[in-house]
Amino acid sequence: MAVMDYVRERFMPHIWCPGCGHGTIMNNLVRAIESLGLKKSEIVMVTGIGCSSRISGYLDFHTLHTIHGRALAFATGVKLARPELTLIVPMGDGDALAIGGNHFLHAARRNIDITAIIMNNSIYGMTGGQFSPLSGYGKTATTAPYGNIYESFDIVQLAKAAGASFVGRTTTYHVTSMMEMIEEAIRHKGFSVVEILTQCPTYFGRKNKVGDAVDMLNYYKDHTVPIGSDKKKENPALIERGVFVREERAEYCEEYEKTVKRAEKGG
Amino acid sequence: MGDHLIFVQGNEACVEAALYAGLGFFAGYPITPSTEIAELLSLRLPQRGGKFIQMEDEIASMCAIIGASLTGLKSMTATSGPGFSLKQEAIGYAIMTEVPCVVVSVMRGGPSTGLPTKVSQGDVMQARWGTHGDHAVIALTASNHQDLFAITVEAFNLAETYRTPVILLFDEVIGHMREKLIVPEPGEIPLVQRLRTSVREGTDYHPYLPREDGRLPMSDFGGVHRYNVTGLMHDMWGFPTDNPQVAYGLMRHLFDKIEGHVTEIARMKEFFLDDAETVLISYGSAARSALHVVENRRARGERMGLLELQTLWPFPSGAVRERCNQAKFVVVVEMNMGQILLEVKKAVDDPERVFLANRIDGTFISPTDIRNILRVIQGKGV
Ligand SMILES: Cc1ncc(C[n+]2csc(CCOP(=O)(O)OP(=O)(O)O)c2C)c(N)n1
Ligand code: SF4
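In the order they appear, the protein sequences are chains A and B. The first sequence begins at 1 in my numbering and counts up one residue at a time. The second sequence begins at 1 in my numbering and counts up one residue at a time.
Simulated from the structure, these hints should not be mistaken for lab results. From the three backbone atoms N, C-alpha and C, an ideal C-beta is built for every residue, glycine too. Among the hints, erroneous ones may be present.
A short, non-exhaustive set of chain B residues, derived as facing chain A with CB atoms under 7 Å [stated by the list, open to error]:
hint, residue
1, Pro46
2, Gly49
3, Lys51
4, Glu56
5, Ala68
6, Leu73
7, Gly222
8, Arg226
9, Thr230
Only part of the chain B face toward chain A is listed, based on derived beta-carbon distances under 7 Å [claimed, not checked]:
hint, residue
10, Tyr20
11, Phe25
12, Gln47
13, Ile53
14, Ala60
15, Cys63
16, Ala64
17, Gly67
18, Thr71
19, Leu86
20, Phe221
21, Asn228
22, Gly231
23, Asp242
Kindly generate the complete structure, drawing on both the sequences and the hints.
Structure below.
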């Protein structure tokens, strides 16, 4: 199947700005699904609210566009009700880790078989450029005109500590590894987190004077390194990419099935 | 029959009824005075292969039951006070996306953490207007366990019929009080199953195109039809739009499907109303005291009657007006500052005749409380 076979043409063109990284992620997500040989009807995509969350409307899966920050909670309901379905939850960094932070932690702790894709553009795109929990110290945003005074979350560390059994990070520059990582994350049984650094030229780019989309992509190229690279030792500010966690651990829906067996015996 | 007679709390009766109605999925978060519902369902649901999940908070619980209901399972959550506040945004989402579900709220004293273990009926207006934006909603209540059972089954039936969240607004006294319950035989209370689409796989299915009667046949989410669900204003495919005509059509549909069926949705009980000069209007546990007063007064020959509301929303204004038009006094008995009082005043021809008998201090309103207030209203002095 071609990429367009997964797209709902009726709802094109999309709302994303020229140069926005969200389109690149959509493209590679679809390629990953195609490469896995999954049928469109096996996939449920759940999103919250944000530019990133609009991805669900454009794709021809079972799509649930919900409320800000709560996509994982809706997805948990769908997954527990129908464990045979493949759940994919793309989220913005604000959606996933500000308003939705607690749901993220608990979904990871449950190790429920859902693939969370965090489209991290370090800003609130949809509402016009306010700082997010991933903006970074000193960055400028419409609500941080004098510079952001928060440190960022480290999504990888957070996911790991909360119990996610697959955790990876990549960028919109590294499209091949992005596709492979998403593929592996979907195949992985348990809660999988893929953080994708993605450019929002319209707000993050402009507010922080980091150039256009191409400049931002080049930034990802120059400021990220594969896990364990020597360069990181020389320059600790570089961001590592790759798969950080890959573990086999009890999955929530399977554990629940065991509970049912115990209850049926006792009841 | 003997086997089916049990002596239980209201919260347990609610669980029995939900299981009778075919509950397949429950998500919740503990809060007094509704916690027993979650505890009991964690025991009972797995025994029949149903799904129980304790979520990280009430918001997540509400979201989870919407997701589960979309896939075809009858779904419910239960909460109280602060938890009911947290659920409001997602309740609005279920209204907008027309997802059947049942939300139990066992009322306690508020606002805020208030009186966690004490009774109140302070969330009646919150059930009506708790979520933002214009909308219609169904909220039901009951005053004893036998009724609570029937009304809980009814909540599932109405949720499936109208594709909307139905709020079961019980109160702490009902939730925790123990009394007998005769569990009906299977089939004794009819169950409504979800209307499912007959559109075949591969044919264009319009998830949000109402039939002529306003009903929307569903397709189990994750099944043969792939479609979009969104809380944004949407067209018949479930796709976002800001077209004023489509927005108007959807707003009217969401409103009319409920407000246009007030009579079908209205459940109420009447006691001695035929010739009543004083009409008490009450609901939930307060109606128990109201009935006690009415029965006593009748025995003494006073023309007093009780209208017990079981459907609070949509408010059955027509029926209330009709039952009150002969009365000299209408007295609304409730445990809040007069939330249903306002609706009754709006409904009747002469609002000056409508009075409030209430208690707001977390203490159950007793027959004596009502009698004392009646004496003032009826001009017999204090
Ligand atoms: C409860 C609630 N609060 C706030 C908003 C407004 N809002 C919409 S999207 C958004 C943030 C979007 O940022 P992010 O999640 O990072 O996604 P992006 O748009 O950058 O892709 C906010 C604050 C909302 N819709 N709902
Ligand atoms: S505002 Fe930013 S995130 Fe949103 S579509 Fe535009 S570039 Fe993308």
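Comparing the hints with the structure gives:
Given the 7 Å rule on beta carbons, the hint for Pro46/B holds: about 4 Å separates it from the nearest Cβ of chain A. Nearest Cβ of chain A to the Cβ of Gly49/B: about 6 Å, under the 7 Å cut. The hint holds. Annotation: interface hint on Lys51/B holds; nearest CB of chain A at approximately 5 Å, less than 7 Å. Satisfaction of the interface hint for Glu56/B is found here, the shortest Cβ-Cβ separation to chain A being roughly 4 Å, below the 7 Å cut-off.
A hinted interface residue such as Ala68/B counts as satisfied when its beta carbon comes closer than 7 Å to some beta carbon of chain A; here the least separation is about 4 Å, so the hint holds. Below 7 Å, beta-carbon pairs count as interface contacts, and Leu73/B has one with chain A at about 5 Å; its hint therefore holds. For Gly222/B, the shortest C-beta to C-beta distance to chain A is roughly 5 Å, which falls under 7 Å, so the interface hint holds. This hint holds: Arg226/B has a C-beta 5 Å from the nearest C-beta of chain A, less than the 7 Å allowed.
The beta carbon of Thr230/B is positioned within 7 Å of a beta carbon in chain A (closest approach about 4 Å), and the interface hint is therefore held. About 17 Å separates the beta-carbon of Tyr20/B from the nearest beta-carbon of chain A, more than 7 Å, and the hint is not met. Because the smallest distance between the Cβ of Phe25/B and any Cβ of chain A comes to about 6 Å, under 7 Å, the interface hint for this residue holds. With a cut of 7 Å, the hint placing Gln47/B at the interface with chain A holds, because the nearest CB-to-CB distance is about 3 Å.
A hinted interface residue such as Ile53/B counts as satisfied when its beta carbon comes closer than 7 Å to some beta carbon of chain A; here the least separation is about 6 Å, so the hint holds. Hint status for Ala60/B relative to chain A: holds, with the closest Cβ pair at about 4 Å, below 7 Å. With 7 Å as the threshold, the beta carbon of Cys63/B comes within range of chain A, its nearest partner Cβ sitting at about 4 Å, so the hint holds. Residue-level restraint check for Ala64/B holds (minimum Cβ-Cβ distance to chain A is 3 Å; threshold 7 Å).
The beta carbon of Gly67/B is positioned within 7 Å of a beta carbon in chain A (closest approach about 3 Å), and the interface hint is therefore held. The criterion of a C-beta within 7 Å of any C-beta in chain A is met by Thr71/B, whose closest approach is roughly 4 Å, and the hint holds. Interface restraint check for Leu86/B: the shortest CB-CB distance to chain A comes to about 11 Å, outside 7 Å, so the restraint is violated. For Phe221/B, the interface hint holds, the least distance from its beta-carbon to any beta-carbon of chain A being 6 Å, beneath 7 Å.
Because the beta carbon of Asn228/B sits about 5 Å from the nearest beta carbon in chain A, less than 7 Å, this interface hint is met. Checking Gly231/B against chain A: minimum C-beta separation of about 6 Å stays under 7 Å; hint holds. A least Cβ separation of about 12 Å between Asp242/B and chain A goes past the 7 Å threshold, and the interface hint is therefore violated.
In terms of the numbered hints stated before, the structure departs from hints 10, 19, 23, listed from lowest to highest.
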